[in-house]
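Work out the full structure: start from the sequences and follow the hints.
In order, the protein sequences belong to chains B and W.
Residue 29 is where the first sequence starts when you use this note's numbering, and the numbers rise one by one after that.
Residue 1206 is where the second sequence starts when you use this note's numbering, and the numbers rise one by one after that.
Take these hints with a grain of salt, some might be off.
A short list of chain B residues far from chain W (calculated; beta carbon distances all over 12 Å) [unchecked claim]:
1) 54
2) 93
3) 116
4) 207
Coverage of chain B stretches by chain W, computed from C-beta distances (three or more under 8 Å per stretch; other residues unrestricted) [as the list claims (entries may be wrong)]:
5) 80-87
6) 124-138
Hints are computed from structural coordinates only; laboratory data are not their basis.
Cβ atoms here follow ideal geometry from the backbone N, Cα and C, with glycine treated the same way.
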Amino acid sequence: MDAVVTVTHVDKSFNKKRILHDVNLTASAHEILGLIGPSGAGKTTIIKNIMGMEQPDDGEVTIFGNKMPNRQVLQRIGFMAQDDALYDSLTGRENLKFFAQLFGVKKDQLNERIEYTAGVVNLNQDLGKRVSNYSGGMKRRLSLAISLIQDPDLLVLDEPTVGIDPELRRQIWDELRKYAKDGKSIIITTHVMEDAAECDELLMIREGHIITHGSPDSLEKEYNVDNLEQVFLKAGKSNENSDNN
Amino acid sequence: MRILTITKRIFVEMFRDKRTLALMFVAPLFILSLMYFLFQSNTNTVADIGTYNVSSSLVKTIDNKHIKIHKMSSDVSAKKTIRDKDYAGFIKKTDGRLIVTYQNADQNKTGIIKKSVQMALIKTQIKELAAATKKSKAGLMKMQAQLQQIKKQLPASISGRIPAASAPKNMQKPSNLKLTQHYLYGKSNSSFFTTMLPVFLGFMVFFFVFLISGISLLNERNSRTLDRLLATPVKRSEIIYGYLSGYGVVAIIQTAIIVLFCIYVLGIEILGSIWVVLLICFALAMVALSMGLFVSTFAASEFQMVQFIPIIVIPQIFFSGLIPVANMAGWLQAIAHIMPLYYGASALTDVIQKQASFSAVIPQFSAILVFLLVFIVLNMIGMRKYRKV
Ligand SMILES: Nc1ncnc2c1ncn2[C@@H]1O[C@H](COP(=O)(O)OP(=O)(O)O)[C@@H](O)[C@H]1O
Ligand SMILES: [Mg+2]
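Have a look at this one:
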């Protein structure tokens, strides 16, 4: 498989506290890679290092063969931050248009892209409202729509499903599945096990360590359990043991 | 193209934020009007003075609408009276000398009394002079009558060649010399505002643009939209230029409103070209803008942004011409020269009051541009904090 993102031996500390310990991962085209772990495990920190928003203390990140940080590569990445970074006094449509223009979406495709991405998250009816009047879930959906605006080759989504109702969640997963089929690469983070089951490849993260990785099925088989939650618990325990040794 | 996108966004955000709009466009007018009236209201001051043994004609001459005279019937101590009755002064005549004692708690009132007494003395002298002129005029008339008499006695051929004598014009109306006191105070006070207007103008533009632009970039950072923005292929410089042009347009509108308000509502006269005034204000606003953006890098909250005002904005007022910089100690003069407002206010004063042309203020204007350049570069460096490339 063609590697889109490679993270090799990345360490990161904040205020002398080690947050990431030797993180390695590869995200490939045609594949949804899930980073799963409890809150505070370091998922967002990994994402930020991938995006070049944080610099690793050690190790490196390459995307499409370019060492990050790299401004041009950002053109091919659709990013959704964990906190909704939106312009509250602008309408949903104005937010989408603003980012579309920053990505250089052509004028004749602008409206088409806006309608399409809003459609993916069922937001067409609310595009005329100001974001300050949006609910938390609507903001999440708008953030997701923005990440799709320039039709990126790589999607990096930090907790995209928080606050989104089950029906729409299904719709979003189907859409992501379609993109993967088209050859895009997708990295998502989540702390919900149901989301994890949707991924092709999983990385389980605990306290800045990757404790195990593999496809959901193979992980369940490997740890000899019938759900991913138990995989996480078992993997965590064996990781602790190996740490103590 | 991306710069324009950011500029447009800032514009839309700005015009939807009614409070900020009011702060930018209404608050400066409010403050200027307030100052205008404050400096005018001095003309309503009334100083109480006690008098003893001063001739009533002199008292009448001293009296004006800023003075209230209390005649004392007995010889009292000036100091005691001032203290007891809270008078601003006391005038007493002894042995042909006029002795004035001032309370001097309010220099304003002391000044009024001083001027009134001096004016009264001058007036008295003028009256005496006028009286003397009248006398000499009467003498002249007499001589003229005699001349006519002589003329009549001469043969007609000669008398025709002698021009009819007439009294010099200025002697006909000695009352021409009357002075109006009103002019002195009213005008001198309103012209203080006029003198300070260039400084206030520069300061208003600087202060509000500094605050608003700084806070807006700070909000962009705190709401994480700056991170989001930097996750697109936008260049750091494009963000800075977008902000500069977005708030630059706002600054142009603000400056135009303030300047037009001063001219048409407050009736201030601008001797030089209004376009040069606008240009200087605009350049000053751009410096304020770039400084505000840069300083916001070091503020974690709006409150911390406000904390920069006493450090960065307030000291500039002192060096902007309120106190003549030329009279300052050497090291203070050096400080003045690192303050953008010093150059801005000096250029504005030259244009507004001395009718300087643009070429005459090029030195100050260039200094402002240097500040602008330095801060733009600093901003580019500051942005590296958020994204390395
Ligand atoms: N900028 C930062 N400064 C200091 N500590 C940080 C910073 N960012 C994250 N952390 C810490 O790193 C740890 C991992 O955080 P994060 O990556 O956000 O976890 P997750 O996304 O898995 O919930 C947390 O303990 C958090 O407090
Ligand atoms: Mg997170």
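Query - Residues of the segment 80-87 of chain B with Cβ under 8 Å from chain W, three needed, outcome - result: With 3 residues close enough to chain W, the hint holds.
Query - Distance rule for residue 207 of chain B, whose beta carbon must clear each one in chain W by more than 12 Å - result: holds (19 Å)
**Report entry** chain W covers the segment 124-138 of chain B, three or more CB atoms within 8 Å, holds or violated
**Finding:** With 6 residues closer than 8 Å to chain W, the segment 124-138 of chain B meets the three-residue bar; holds.
Query raised in the report: Checking the smallest CB distance to chain W, is residue 54 of chain B really beyond 12 Å?
Result: holds (21 Å)
Report task. Test the statement that residue 116 of chain B is away from the interface with chain W: the closest C-beta pair must be farther apart than 12 Å. Result -> violated (8 Å)
Report task. Decide, holds or violated, for the assertion that all CB atoms of chain W are farther than 12 Å from the CB of residue 93 of chain B. Result -> holds (16 Å)
Checked against the numbered hints given earlier, the structure breaks only hint 3 and satisfies all the rest.
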